[in-house]
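Protein chains in written order, with this note's numbering: chain A, 1 to 367; chain B, 1 to 367.
Careful, some of the hints might be misleading.
Heads up, the list lumps identical chains together, so a pair's fine if it works in one copy or across two of them.
Here are the simulated lysine-lysine pairs, DSBU-like style, with alpha carbons at most 30 Å apart [unchecked claim]: (1) K184 <-> K231; (2) K330 <-> K274; (3) K184 <-> K300; (4) K322 <-> K104; (5) K341 <-> K162; (6) K184 <-> K274; (7) K274 <-> K104; (8) K104 <-> K162; (9) K358 <-> K330; (10) K341 <-> K231; (11) K330 <-> K104; (12) K300 <-> K162.
Everything labelled a hint here was simulated from the structure, so no lab data went into it.
Number of protein chains: 2
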Amino acid sequence: MKLEEKEEVTLDAVDMKRPRNGEIWDFELDMPMADGGAGVILGLDGGTTSTVCICMPLIPFSHSQPESLPILARAVAGCSNHNSVGETAARETLEQVMADALSKCGSKRSSVRAVCLAVSGVNHPTDQQRILGWLRDIFPSNVRLYVQNDAVAALASGTMGKLHGCVLIAGTGTIAYGFTDDGKEARAAGAGPVLGDWGSGYGIAAQALTAVVKAHDGRGQDTMLTSSILKTLGLSSADELIGWTYADPSWARIAALVPVVVSCAEAGDEVANKILLDSVQELASSVKAVVERLALCDGKGAFPLVMVGGVLEANRRWDIGKEVVNCISKHFPGVLPIRPKVEPAVGAAWLAWNFFMKECHREICRS
Amino acid sequence: MKLEEKEEVTLDAVDMKRPRNGEIWDFELDMPMADGGAGVILGLDGGTTSTVCICMPLIPFSHSQPESLPILARAVAGCSNHNSVGETAARETLEQVMADALSKCGSKRSSVRAVCLAVSGVNHPTDQQRILGWLRDIFPSNVRLYVQNDAVAALASGTMGKLHGCVLIAGTGTIAYGFTDDGKEARAAGAGPVLGDWGSGYGIAAQALTAVVKAHDGRGQDTMLTSSILKTLGLSSADELIGWTYADPSWARIAALVPVVVSCAEAGDEVANKILLDSVQELASSVKAVVERLALCDGKGAFPLVMVGGVLEANRRWDIGKEVVNCISKHFPGVLPIRPKVEPAVGAAWLAWNFFMKECHREICRS
Chain A
1 MKLEEKEEVT
11 LDAVDMKRPR
21 NGEIWDFELD
31 MPMADGGAGV
41 ILGLDGGTTS
51 TVCICMPLIP
61 FSHSQPESLP
71 ILARAVAGCS
81 NHNSVGETAA
91 RETLEQVMAD
101 ALSKCGSKRS
111 SVRAVCLAVS
121 GVNHPTDQQR
131 ILGWLRDIFP
141 SNVRLYVQND
151 AVAALASGTM
161 GKLHGCVLIA
171 GTGTIAYGFT
181 DDGKEARAAG
191 AGPVLGDWGS
201 GYGIAAQALT
211 AVVKAHDGRG
221 QDTMLTSSIL
231 KTLGLSSADE
241 LIGWTYADPS
251 WARIAALVPV
261 VVSCAEAGDE
271 VANKILLDSV
281 QELASSVKAV
291 VERLALCDGK
301 GAFPLVMVGG
311 VLEANRRWDI
321 GKEVVNCISK
331 HFPGVLPIRP
341 KVEPAVGAAW
351 LAWNFFMKEC
361 HREICRS
Chain B
1 MKLEEKEEVT
11 LDAVDMKRPR
21 NGEIWDFELD
31 MPMADGGAGV
41 ILGLDGGTTS
51 TVCICMPLIP
61 FSHSQPESLP
71 ILARAVAGCS
81 NHNSVGETAA
91 RETLEQVMAD
101 ALSKCGSKRS
111 SVRAVCLAVS
121 GVNHPTDQQR
131 ILGWLRDIFP
141 SNVRLYVQND
151 AVAALASGTM
161 GKLHGCVLIA
171 GTGTIAYGFT
181 DDGKEARAAG
191 AGPVLGDWGS
201 GYGIAAQALT
211 AVVKAHDGRG
221 QDTMLTSSIL
231 KTLGLSSADE
241 LIGWTYADPS
251 WARIAALVPV
261 VVSCAEAGDE
271 VANKILLDSV
281 QELASSVKAV
291 VERLALCDGK
301 GAFPLVMVGG
311 VLEANRRWDI
321 GKEVVNCISK
331 HFPGVLPIRP
341 KVEPAVGAAW
351 LAWNFFMKEC
361 HREICRS
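Extracted from the complex, chain A is given alone in its bound form (with noise of 0.2 Å):
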């Protein structure tokens, strides 16, 4: 098994890079020097809402896939999108979540194989270089690194670590990324709330309170959704809703106020089953324009569209997921729905397990 033999190698070489955040790896020091094992793997989802780590045993060629693979530990945290919440605590949440998962199955950073890291707000390969930076700092120089937009782990997520088909996610945000099976991707959406976003949680929400507004001042007409929100803001007079949204900049804070437009909508007003049905068009948007710009379908042709994030899951009379598969179905017949039955982090790791096999399949095939 040469590849265990140079991973033993390479653990006994580790240089240990100092903890750059004292108080964050701290738990590193009561801890033996090495755990003698083939090492982890780290899977990272970092959504506009909260983050995930995924910790999970390297094992390799025991298994041809990683979806056997048992979860070591699990730990969650905050926002980690440096575009909403900046840099310095976008940073600081990656390492902590990675920190407490580590330490929940007593593991070390020496341990740690591969990390993906999958995390909303990469937009750009200049975004991709400074966050691998960021893990350059926290793991010894041995440890392979794979940045992702959080998009990537989602598809992962329903395709067993397969990058091929669509994904789209709403939550807070909302993306569309596809991959072909000759690897061309393609992604649309994923802006943010200034550049367009109108189907993401946030986009449903920010509609609901602007109906709100111009329902006051007399632009627009009178909706349900006035005293729904206002009692669930505890507040007493759409005046108050200016001071309340600009308060917090938090987009989850916004997006929160979804399940109270659904259930407007439900109730029949005419406002918000509008900014529902606007929403459902614009997802879909997102979906076609990914399929067509990879000819993921050729006419009848299947592709998988993974479903992802709370907008899409609300299992409730008005099933936003439904609407938007209904809307794609009438241009692209082949679309094969899945709703994934592990969480995007669980797919950054099997994505992290993958990328690392074929690197390392790659330099046994050179050696």
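Since the structure of chain A is provided, determine the placement of chain B on it from the hints.
This is chain B only, laid out in the frame that chain A set:
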């Protein structure tokens, strides 16, 4: 001259507060004890882009209208909308710009008789009370303090200090505000970018940025905005727009792209034209909502519409302000558009003068 006697007494009895912020008010230490005049008034216009402070002499009863009062000093600072820059920064900006204006004309706080602070972000009586508290910390207790939404000063700048008719502001933000002769008031919009101010400079620019992202990812049609905006910002790809947008949350920075949108519309770009046409509809609907709620125009009756802000002032082929007036006059033929000859900060100073004179008149009648 009963009032002047009263003023002199008050001047001697000034309970000068200690400087809250030493550096800002240091200039007062080198000035003589009292200037002996009738005192000065301050008018402030705090918008989302900049804050202007005007200092005028009081000269009570020497004029029946304030518009012939000379301007003693003018000072400018940055944004003082607490919803945009936060409370601490807003407060410091206001204090600094008032100190600058007083220092420029050789007056100090003990000479001030009245301050009218018209600032964006005043949306609720609690905002007004909080900002009055800031001013009370700065000035002696005898100074008359008035806090208004910045739209009120803009209206006054076009009506010689009289609160009657409607004002439409469209700069970085937008708001419509109206008053009837008997003191009823109403507003529409002015709720900021999250809450649907789509006719504002920020709204126009954000929609243009969204159009570029949508054209890039396949959701929208191609537009000249792509090359024009990327060139203006020195970016090489639409992917970089996301990083640029969230690198700095300033609304004014986004709104500065309006001239690019107007240029593209003038060059015949369909997408840019649609954005401007939508903005005209949004702005007109704000005015219509105010005029209807106040019944400012019963059929053919005339009413002033004061128009203020960069979006409306653009004297280009694509004249947004002219289109808004055309749109409004279809519903209210009595609309009398006014482009003020003085800036809103002067309107705020005139308001301070009017408020002060009314209060003194009331006190004299009572005594």
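To see whether the hints hold, each was checked on the structure:
Only between protomers do K184 and K231 lie at most 30 Å apart by alpha-carbon distance; the minimum there is 28 Å, versus 48 Å within a single protomer. In this homomeric assembly, K330 and K274 come within 30 Å of each other (Cα to Cα) both inside a single copy, at 20 Å, and across copies, at 28 Å. Taking the shortest alpha-carbon separations for K184 and K300, only the intra-copy value of 20 Å comes in at or below 30 Å, while the best inter-copy value is 63 Å. With identical chains, the CA atoms of K322 and K104 are never at most 30 Å apart, being 38 Å at best within one copy and 66 Å at best between copies.
Taking the closest pair of Cα atoms, K341 and K162 come within 30 Å of each other only inside a single copy of the chain (15 Å); across copies the shortest separation is 66 Å, beyond that limit. For the homomeric pair K184 and K274, neither the shortest alpha-carbon distance inside one copy (36 Å) nor that between copies (34 Å) is at most 30 Å. Neither within a single protomer nor between protomers do K274 and K104 lie at most 30 Å apart by alpha-carbon distance, with minima of 46 Å and 55 Å respectively. Proximity of K104 and K162 under a CA criterion of 30 Å is satisfied intra-copy only: 28 Å inside one chain copy versus 69 Å between copies.
Proximity of K358 and K330 under a CA criterion of 30 Å is satisfied in neither setting, with 38 Å inside one chain copy and 68 Å between copies. Taking CA atoms no more than 30 Å apart as the test, K341 paired with K231 passes in neither setting, with 35 Å inside one copy and 45 Å between copies. For the homomeric pair K330 and K104, neither the shortest alpha-carbon distance inside one copy (47 Å) nor that between copies (69 Å) is at most 30 Å. Proximity of K300 to K162 under the C-alpha cut-off of 30 Å is restricted to the intra-copy arrangement: shortest distance 22 Å within a copy versus 69 Å between copies.
Going down the numbered hints, you'll see the structure goes against 4, 6, 7, 9, 10 and 11, while the others check out.
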